[in-house]
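Peer 1: Residues per chain are reported as follows:
2 protein chains.
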Amino acid sequence: MSRFIISTADPNADPEDSVTVPLLSGLRSVPNSSSQVAIVGVNVCPIESLDYEIFENELFKQDWRSRGKLQIFQYTFMKWLLCFLIGLIVSLVGFCNNLAVENLAGMKFVVTSNMMLERRFGMAFLVFSMSNFVLTLFASIITAFIAPAASGSGIPEVKAYLNGVDAPGIFTLRTLVVKNDRDRRDLVTCGSAAGIAAAFRAPVGGVLFALEEMASWWRSALLWRSFFTTAVVALVLRAFIDLCLSGKCGLFGTGGLIMFDVYSESVSYHLEDVPPVLALGVIGGILGSLYNFLLEKVLRIYSLINEKSIGYKIFLACSISIFTSCLLFGLPWLATCRPCPADASEACPTIGRSGNYKKFQCPPGYYNDLASLIFNTNDDAIRNLFSKGTDNEFQHSSILIFFFTCFFLSIFSYGVVAPAGLFVPVIVTGASYGRFVGMLVGPHSNLNHGLYAVLGAASLLGGSMRMTVSLCVIILELTNNLLLLPLIMLVLLVSKTVADAFNGNIYDLIMKAKGFPYLETHAEPYMRQLSVGDVVTGPLQLFHGIEKVGNIVHVLRTTRHNGFPIIDEPPHSECPVLSGIILRAHLVTLLKKKAFLSTPDLTGGFNASKQFSAGDFAKRSSGNDEKIEDIDLSEEEMEMFIDLHPFTNASPYTVVETMSLAKALLLFREVGLRHLLVIPKISSRSPVVGILTRHDFMPEHILSLHPMLVRSRWKRLRFRFPALSKLF
Amino acid sequence: MSRFIISTADPNADPEDSVTVPLLSGLRSVPNSSSQVAIVGVNVCPIESLDYEIFENELFKQDWRSRGKLQIFQYTFMKWLLCFLIGLIVSLVGFCNNLAVENLAGMKFVVTSNMMLERRFGMAFLVFSMSNFVLTLFASIITAFIAPAASGSGIPEVKAYLNGVDAPGIFTLRTLVVKNDRDRRDLVTCGSAAGIAAAFRAPVGGVLFALEEMASWWRSALLWRSFFTTAVVALVLRAFIDLCLSGKCGLFGTGGLIMFDVYSESVSYHLEDVPPVLALGVIGGILGSLYNFLLEKVLRIYSLINEKSIGYKIFLACSISIFTSCLLFGLPWLATCRPCPADASEACPTIGRSGNYKKFQCPPGYYNDLASLIFNTNDDAIRNLFSKGTDNEFQHSSILIFFFTCFFLSIFSYGVVAPAGLFVPVIVTGASYGRFVGMLVGPHSNLNHGLYAVLGAASLLGGSMRMTVSLCVIILELTNNLLLLPLIMLVLLVSKTVADAFNGNIYDLIMKAKGFPYLETHAEPYMRQLSVGDVVTGPLQLFHGIEKVGNIVHVLRTTRHNGFPIIDEPPHSECPVLSGIILRAHLVTLLKKKAFLSTPDLTGGFNASKQFSAGDFAKRSSGNDEKIEDIDLSEEEMEMFIDLHPFTNASPYTVVETMSLAKALLLFREVGLRHLLVIPKISSRSPVVGILTRHDFMPEHILSLHPMLVRSRWKRLRFRFPALSKLF
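Heads up: the sequence lines are chains V and E, in that order.
Counted from 1, the first sequence has number 175 at position 175 by the UniProt record's numbering; the numbering is strictly sequential.
Counted from 1, the second sequence has number 238 at position 238 by the UniProt record's numbering; the numbering is strictly sequential.
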């Protein structure tokens with residue numbers, strides 16, 4: 001935690017309060033304090049911003065000029081090598097993960113099914129629920145004790161990081177090779193693209209997901225590098241799958257590059273197929289926004305439980321696990337047994353492996369369609385739902401039960417202290433109701449039920465995650481059916497539009513609930529009515545170009561600011577001159593190295609580049625940075641001076657105080673800043689009147705300064721779920 | 001042309017010189033004059049920047065506040081409606097275009113082939129060459145007289161426009177509905193996405209192309225809107241194709257949603273297939289960069305011819321047409337006739353329609369494989385090359401001849417005064433050499449020759465256009481083979497990397513040759529060594545908040561600046577105050593409306609919002625703006641005053657003079673600016689020391705100010721084509 005522990009504004013505040021506040025009302029509205037806390041995993045973390053801006057001071061410029069071609073080549077080569085390694089490692093991890101899931105969960109279902117065949121139902125339930133319980137316990141203990149940030153899907157955390165939010169729990173294992181936040185950001189972007197690419201074997205979809213959903217900044221070089229990374233993933237995965245096709249991967253043996261192949265040459269649709277597809281889109285939009293709404297509420301309740309102690313967390317996870325086991329084991333008994341079709345495409349009932357026709361409790365020659373869905377891994381369930389030529393395989397009631405089970409179980413199991421995704425549950429849920437709609441439309445349609453399931457999955461993804469291009473490509477890469485593209489686009493269009501009328505993207509809701517100070521792309525309308533001068537709050541801390549050591553130590557110890565303007569004032573210059581900005585971390589390094597001058601004039605011939613190298617100022621991994629509290633200085637040293645000029649960034653971004661907040665936000669976000677200097681519009685005053693940070697752009701901060709804006713009519717118009725809101 | 005005609009720096013300069021200069025040395029290096037010319041089509045156009053920045057003055061703010069919800073809704077609805085219309089119109093145009101090409105060109109080939117069947121070779125040649133000649137003449141006359149900007153592919157022009165470059169020839173038909181450059185930019189982006197979507201029936205590829213290659217700025221809202229537009233395209237096209245499948249579209253009858261379907265379930269490849277694919281990538285990279293190099297040189301020669309007169313232009317186009325006809329008709333005679341295979345998938349020889357086996361001059365039962373490629377439309381030639389199960393259909397020599405023909409013909413026919421694309425010719429060329437490589441590798445590979453052709457097309461596209469994700473998706477959408485994805489990614493990766501070592505992206509080369517002042521994403525390394533103070537050149541023109549009419553008129557008449565800082569100075573204020581910036585167009589409107597004050601003090605109670613509405617300042621379509629020369633003012637009026645405050649943008653973007661040029665460029669480009677105010681670092685001076693525009697960031701301008709940087713070692717390392725360079 002180290003330097004990141006920041007006292008909240010009121011040190012006597014109820015500790016419980018500080019946890020619940022971000023959940024209930026977003027951020028604390030304390031003017032110009034940097035006290036922001038986020039809930040990462042189930043921990044409360046103080047929040048810092050990241051230094052994405054290139055810091056240009058004399059020392060760094062000299063270092064840069066002195067670099068030879070070889071060093072530049074090495075640097076470039078290193079960046080590409082890291083991308084290659086990320087691609088390689090992520091695809092290995094993804095593959096092993098897939099292999100483990102397919103084999104562990106597959107084995108669990110096979111063993112249970114075999115016991116069911118022998119009609120040892122009690123024993124089967126025990127094996128089923130115990131294996132679930134043990135796996136959950138294992139996962140939640142690891143998560144709770146070792147990597148609390150790993151709970152949940154991780155996507156909101158990465159998204160916040162790429163926006164410039166640094167909650168120290170997010171990346172505990174920061175590589176030491178990368179020296180600055182900017183390079184790290186690029187690698188994290190490539191990594192997130194690679195993650196999606198490996199999880200869904202969708203390399204192009206991975207790049208697009210990183211671009212559309214994750215990244216706050218984008219440049220063409222990054223597109224190129226993340227394409228490289230996912231290409232590595234695609235090639236490595238392809239090689240592994242080649243290996244598996246020869247039957248060496250146990251139950252995973254049939255895994256191809258395309259997960260749910262629904263290609264059928266005969267797919268053709270006409271104008272009359274459009275209305276049911278439109279209906280699917282509308283339903284998907286409503287269900288998706290409802291899903292987001294409920295998930296956020298459940299997360300809020302869970303965080304109340306989780307914050308109590310690790311024991312509570314694990315207890316919660318285990319209870320959910322037992323509840324789930326009972327539900328999953330009990331539900332198939334509701335379904336009536338159906339006779340095996342004569343022309344079944346595979347053995348019926350399916351025994352000893354995953355497949356379409358699970359026997360469960362049924363007599364020989366019969367199968368239980370609900371068990372076929374529930375007693376399979378998620379991947380197999382999706383494959384069942386997407387498959388063509390199976391229009392008569394499922395009953396209406398079974399599909400409906402399965403839909404409700406998935407919908408609510410996935411919401412309730414997300415917030416527990418264990419890593420869990422959103423993508424796959426949403427696809428299963430969407431596929432089941434899509435198939436249900438297909439069954440209702442029945443013979444009036446040219447599309448088979450499997451294709452309806454695909455469109456249903458697309459609509460719920462669109463309604464919950466609100467992406468367009470990347471979802472489109474991911475679905476294409478998952479299902480391998482390009483002919484369906486116009487319909488998928490239509491469904492995504494409709495479901496996103498409908499869902500946007502109710503609430504936001506699921507990842508944004510989770511980020512907000514966790515309290516990350518995320519900078520939105522769009523300025524709120526009231527920001528156009530305010531100027532930056534209206535939100536800057538004092539007092540401004542600044543240093544002189546030649547500053548007394550004691551002053552620096554005092555300011556660093558009493559404030560938590562991370563950037564300080566440097567102003568040269570008389571007598572050192574004729575009139576106030578803005579020299580630039582200096583970072584806290586650099587000041588601490590200077591104090592630690594004790595590069596002091598005995599007098600405030602520069603006759604000593606102080607040479608920065610001789611005493612320091614750029615490496616001295618490279619950012620350490622989080623938690624390893626020096627703290628001001630650790631530096632001991634003698635009384636005599638406190639009276640000495642430091643020449644800050646060589647370490648001052650002479651290229652600070654600035655705005656005039658009359659600049660509208662909306663335009664300042666645009667600059668802040670597009671360029672990726674941490675500090676923005678506010679300069680006066682009148683020449684004669686001090687060259688800097690304030691400093692803007694991420695915090696100053698947060699709606700909560702602005703509204704606390706200007707409460708009359710709260711009720712202004714510029715709020716985004718949205719429908720609410722009024723009845724549901726009362727439940728929570 | 002109107003206000004866009006800007007005299008070049010030296011009015012006595014040879015007019016020919018002003019045309020050739022941008023081609024030969026990029027831009028003129030005249031310090032701080034806005035005299036930039038571009039060659040759009042074959043016309044020389046003066047260049048302006050676009051006002052993408054939101055202009056925030058009191059009047060607009062008041063107008064914005066007074067808007068009701070209905071108006072905001074109307075505005076939003078209008079934007080979506082326009083996107084819908086763009087999608088609809090583009091898909092209609094694209095479809096009709098396709099229909100016309102397939103039927104016109106198809107008919108030409110069928111008629112010629114029929115004459116060949118009757119062995120009337122002379123007549124066949126006459127029909128063939130005359131129809132080519134007439135079509136070319138028609139196209140070039142239309143282009144030369146009506147829409148000179150339509151020559152070439154149009155993509156470089158749109159790319160420059162989206163970067164903020166406004167050469168008036170680019171969009172002659174500016175819609176009057178859209179009132180500002182910012183909204184227009186969004187629509188142009190959506191339009192370009194729709195264009196690619198319609199041309200290749202690749203809706204997702206279209207969005208990505210617009211994102212990766214065209215757009216200089218991007219926001220998620222734009223992704224969403226362009227996705228909407230291309231979804232409309234996809235649905236409309238799908239409906240038309242449905243119509244055509246019932247056989248109502250003549251020769252176009254078989255056009256499906258996927259243009260070149262190469263789906264084959266049996267596609268499987270292993271490690272031993274990687275080396276030939278890598279080789280394809282390397283060759284594609286070299287050929288692609290060579291293609292770009294040659295195309296640029298040819299464009300340069302053509303522009304020397306084209307600038308002479310319209311007659312020369314049309315003559316050039318017609319000569320190229322005749323030369324092409326002779327070549328295409330003569331070449332198939334070189335190929336030996338091959339006997340029809342016994343198990344041919346279609347009738348051999350193919351008679352009366354396009355197809356795989358053209359008879360040409362061959363005896364019955366034989367076919368001419370080169371004629372099968374040449375005497376088909378481009379689409380059919382690609383389909384032939386991509387087709388599977390045709391590994392024995394082509395001879396090595398025929399494919400090689402076809403490759404060279406395509407490679408050079410497409411280069412020579414691009415620069416003539418007629419609309420021409422680059423995508424399809426590059427695909428044909430790439431497919432032919434890919435197929436050739438496939439034939440060389442032959443039985444040692446698991447991939448059939450058709451798949452090699454696909455990979456070859458990918459490699460040449462990658463080598464010439466240097467896109468990654470969008471090309472990947474476009475190729476997938478064209479060929480419908482997702483299993484090939486890892487190999488396509490590999491090929492694109494290698495070909496782009498190889499080609500980047502030689503030269504730039506083809507569209508960038510064309511833009512440079514045309515003289516567009518395009519702002520690059522990356523700052524040149526020497527920009528990090530310069531501060532903005534080093535490139536700002538005087539004298540700075542500024543106005544006071546209350547300014548004399550005569551002064552304004554004088555400055556507007558004697559300079560061509562488009563933005564003027566407004567400074568309030570004593571006695572109107574105690575010390576100099578930076579009020580903001582005002583645009584030339586707004587000043588002209590004020591002068592025209594004659595909203596003058598008789599005295600320089602504000603006792604008159606001047607009320608801007610009563611006299612003006614925001615609509616008065618909306619940007620007209622180009623050429624319709626008022627000019628300062630058209631405004632007549634009496635001697636008395638010249639002595640009056642204007643209060644500029646309500647029309648001043650109080651939110652100008654600013655940089656300190658010590659800011660490094662690289663960081664200022666980042667701001668300028670990321671935020672999309674036209675003017676950037678430079679403020680002094682010392683408080684006591686005037687609040688503004690200069691103004692930066694696009695021109696000040698152009699390497700040519702900077703290097704003319706600091707010639708010692710030309711030979712600095714920071715230039716990008718690239719291999720050259722030394723021997724070839726001497727040829728031109």
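Watch out, some of these pointers could steer you wrong.
To be verified - One side only, chain E facing chain V, incomplete, derived with CB under 10 Å:
1. Lys108
2. Val110
3. Val111
4. Met115
5. Leu117
6. Pro364
7. Tyr366
8. Ser413
9. Met467
10. Val473
11. Gly580
12. Ser660
13. Ile682
14. Ser686
Worth flagging that the hints you see were computed from the coordinates, not collected in a lab.
Model, not experiment: these values are computed from the prediction.
All C-beta atoms in this analysis are idealised placements derived from N, C-alpha and C, irrespective of residue type, glycine included.
Peer 1: Report the numbers of all earlier hints that the structure fails to satisfy, in ascending order.
Peer 2: Going through the list in order, the structure violates hints 1, 2, 3, 4, 5, 6, 7 and 8 and respects the others.
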